[in-house]
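*Asks:* Hints in hand, dock the two standalone chains.
Taken in sequence, the protein lines are chains S and P.
For the first sequence, position 174 matches number 174 in the working numbering, and the numbering has no gaps at all.
Heads up, the working numbering is the position in the second sequence plus 300, with the first residue counted as 1.
Simulated from the structure, these hints should not be mistaken for laboratory data.
Where hints are given, some of them may not hold.
To be verified - The calculated SDA-like cross-link candidates involving lysine to any residue, where the alpha carbons are at most 20 Å apart (straight line), are:
{"no.": "1", "chain 1": "S", "residue 1": "K292", "chain 2": "P", "residue 2": "A468"}
{"no.": "2", "chain 1": "S", "residue 1": "K292", "chain 2": "P", "residue 2": "R450"}
{"no.": "3", "chain 1": "S", "residue 1": "K238", "chain 2": "S", "residue 2": "V287"}
{"no.": "4", "chain 1": "S", "residue 1": "K292", "chain 2": "P", "residue 2": "R319"}
{"no.": "5", "chain 1": "S", "residue 1": "K292", "chain 2": "P", "residue 2": "Q457"}
{"no.": "6", "chain 1": "S", "residue 1": "K292", "chain 2": "P", "residue 2": "R442"}
{"no.": "7", "chain 1": "S", "residue 1": "K292", "chain 2": "P", "residue 2": "R460"}
{"no.": "8", "chain 1": "S", "residue 1": "K292", "chain 2": "P", "residue 2": "A462"}
{"no.": "9", "chain 1": "S", "residue 1": "K292", "chain 2": "P", "residue 2": "E454"}
{"no.": "10", "chain 1": "S", "residue 1": "K277", "chain 2": "S", "residue 2": "K292"}
{"no.": "11", "chain 1": "S", "residue 1": "K292", "chain 2": "P", "residue 2": "E477"}
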Amino acid sequence: MRRILRRLALAAVLPALLGSGAASTLDAQQRIERRWPLAADGAVKIFNFVGSVRVIGWDHDSVVVTGTVAEGMQFFGGGGRSGVKLGVEGSASRPDGAAVLVVRVPATADVWVRGAATDIETEGLIGTVDLGTVSGRLVAVGSPRALSVETMDGTLDVRGSPETLRAKTASGALRWEGAASDALLVSVSGSLRVNAGPLGRARLETISGSVLVDAALRPDADLTIETHSGNVEVVLPKGTPARVTTDAPTTVNGSPLAAPADAGKRAAPRQFDLNLKSSKASAATIVVRSFKGAAFFRDR
Amino acid sequence: MTDHLMSDDDPRLRDAIERLPDEIPPGRDLWPGIRAQLEAERVVALPTAPTAPTAPEAAAAPQRGRRVSLPVGWVAAAAAVLVLATATVTWRLRDPAPPPVAQERPEPLSDGLVTFASYERSAAELTLLLEQRAERLEPATRAVLERSLRTIDEALQEARDALARDPASPGGRAFVEAAWRQKIDFLRRANAVAALREG
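Chain P on its own, in the form it takes in the complex (with noise of 0.2 Å):
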């Protein structure tokens, strides 16, 4: 500048105010530092807007008032502090606190085998779907449905059995996942052919 104060009406400085840039992006990117940290502590997923606007937001948003007051990363760091404050006590006044849908994982049951729900939920569908279907269906026809099935569930029940006794057996989930999705196949292939004996 200059080694003396310009006042307001100076013309200089109202010249100067005007050949400064609309935008002045930070340095470097505070924001993905801060979301990392803002996950580690598993805080509930923050609204994107317009509580707490992203860098290029905060960044692209018009300045009003003063033109130039603080560093843009400055201001969008303070939004993230004040929203990861405002967050955090509304975590710790939260009773009781459920799970971020991001980390839902199946709920164990008392004899450690977790849950199939939707498995259980679709086999359970298309089972009654088949059942009103199966009369339509030749004896023969129907005999090899329910063998394959039954061969499905036994196989099934043992990798069930095998997950309870041993919660942390490698892979033991999956062959149950396994075994539910052969099932599932397997009945909606039942229900096709069942289906077209209808036509």
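For reference, chain S alone in the conformation it holds in the complex (with noise of 0.2 Å):
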């Protein structure tokens, strides 16, 4: 009987103990949930640097946020139906004061965040998409008009086709997988790695970091990759037509292009066809151009 009673007292208690444990943790975190009424074609933008953001766009015109924000930090957010703002106030001198936020905004509207230590992701807008972060992981999912992602430490990885697209790291490595008419993609040691298509006019630079290219490329592509010291993979579906100009040691298929007549200078740029059956065929036009890294050329 008396161990009925001290399981009926412990069964009382434990919810008690974690619940008060939950409650301390709600307190140190406090949850957020907000809303505001937005045109479709309205702007938002969003601070937080610490932490994440997660951008969802839905067919409704407003915003909802839903999120915490740890102690000591404030949520701020406010605007009109053209318009909001919102983001964490103090996080910026605070690396440990972290924000989770939860961001749905009408598909179409123009969206624009930025964090520094913060994970960004978004997925669903079809608007104009302008993401920064600093070391932050970068996850841009859909087709948005316009998308231009930036970080400098963290991985940047665009999934889906916008219209046009700027994806930039400085030592990040930046992956992208879509079809863009316009594309540049820019980083000082980070790869860049492009399995996409079809490609219209894009341009690749790195200093350091390797490029991989496995896309197909329209009839009319103007493909161009520039690296200091990196070395340039194109890999493309068997038969594109294209016109290749490099000035890099390169390779065709596992056949090494013929050496340069003057060694130890640098070659001049070298121009050869890939899969034309006549000179007036339309083809893709590629250029390479590396300082001192190699070019291999393969079909898929």
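*Replies:* Below, the structure is given as structure tokens:
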């Protein structure tokens, strides 16, 4: 009987103990939920310097924010039907003051997000999207009209086909799966990896990062790859016609191109055709420039 | 006309004069050829007006005094030759002769390396701004920026050295330019990050 009573007492006290623990956690991380009306073509600006931001496009004319903010941090937000600005104040000077925000916005809205040690994710946006963080991971899924994404040290992952794409990292790796009419991918030491297609006009630049383009090209595609010391690999669907200009030591389907005449000096740019039936046939244009990297072309 | 001379007061003469057109375009436009010749001789850019009217302007100018004297094309050609002669004399008298603006080229250094003065200026300005903001950046962020800048600077130095060793190197200048462009773009981005942290 005594044992039964002890169990009953424990059963009564335990939830209270657990509850107080949960409550103190909630106190340390304030829960937030705010909403504002916003026109479908409105703009949203989001600031969060530590933690994460996830932005989801939806079919409602409103912005809804849920999430948690560390104790001592102040969530702010406001605006009208044409624009809403929200974020977490004080996080810039508090590396431990992480905030986790999930923001739902009209899918067609223009979205701007800035963070520092902040992971940023977006999905389902079709307006103009501009994302920037310093050391956080950046993932953009979907096909906005224009997408500009930038992280310094974090990795950058774009999965979708924006009309125009601007993606930049410093040391973080950059990966893109999708198509675009106009794309600019830049990194200092991070690698660029493009599994996309078809590409229209695309320019890829690195200093030391390697470049891999494994993509279909439009017949009028204009692909330029410029790197100081990174190696470049271009993998094309079999039979893709292309006119190539390169000044790097080049290998095509495993066979190296003839070495330059003046050994010890930089080779003059060389031109060669891939899969061209006639000189007048339409073909993609590919330019690979590398100061001391090598170029590899092969069929997929 | 007629087989005998008419006096100035003769109404037929006046009628004939009235019927003459106000403008007589030249059979062929001589000005493009004249201009090409001027530019081929690298004469300083000529002011377009009022000293050297173009052929259409000359043709459109109202005729004063005697209504018809010479074909307008000849007038334009004569004016151009006069201007050419004047400009040539001026050209020869000038000392020293600075190159025309359109012909301006980077000044070669002693080692054959062309200057990239505007890039250097922009980079210096952006670096100064970044240094002023750097103390507000977190150490980790600062380390990332410094590391990337070192990578770019090393590449820039390599490209500059290569160009200095072999100024005729194909694409040599382009690699230096590419590294400068990357550096300036990166400095802009770094400044944007630092400015954001200030706010």
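*Asks:* Hint by hint, say whether it matches the structure.
*Replies:* Hints and how they fare:
no., hint, in the structure
1, S:K292 x P:A468, "holds, 17 Å"
2, S:K292 x P:R450, "holds, 18 Å"
3, S:K238 x S:V287, "holds, 19 Å"
4, S:K292 x P:R319, "violated, 77 Å"
5, S:K292 x P:Q457, "holds, 13 Å"
6, S:K292 x P:R442, "violated, 28 Å"
7, S:K292 x P:R460, "holds, 14 Å"
8, S:K292 x P:A462, "holds, 11 Å"
9, S:K292 x P:E454, "holds, 13 Å"
10, S:K277 x S:K292, "violated, 32 Å"
11, S:K292 x P:E477, "holds, 16 Å"
Going down the numbered hints, you'll see the structure goes against 4, 6 and 10, while the others check out.
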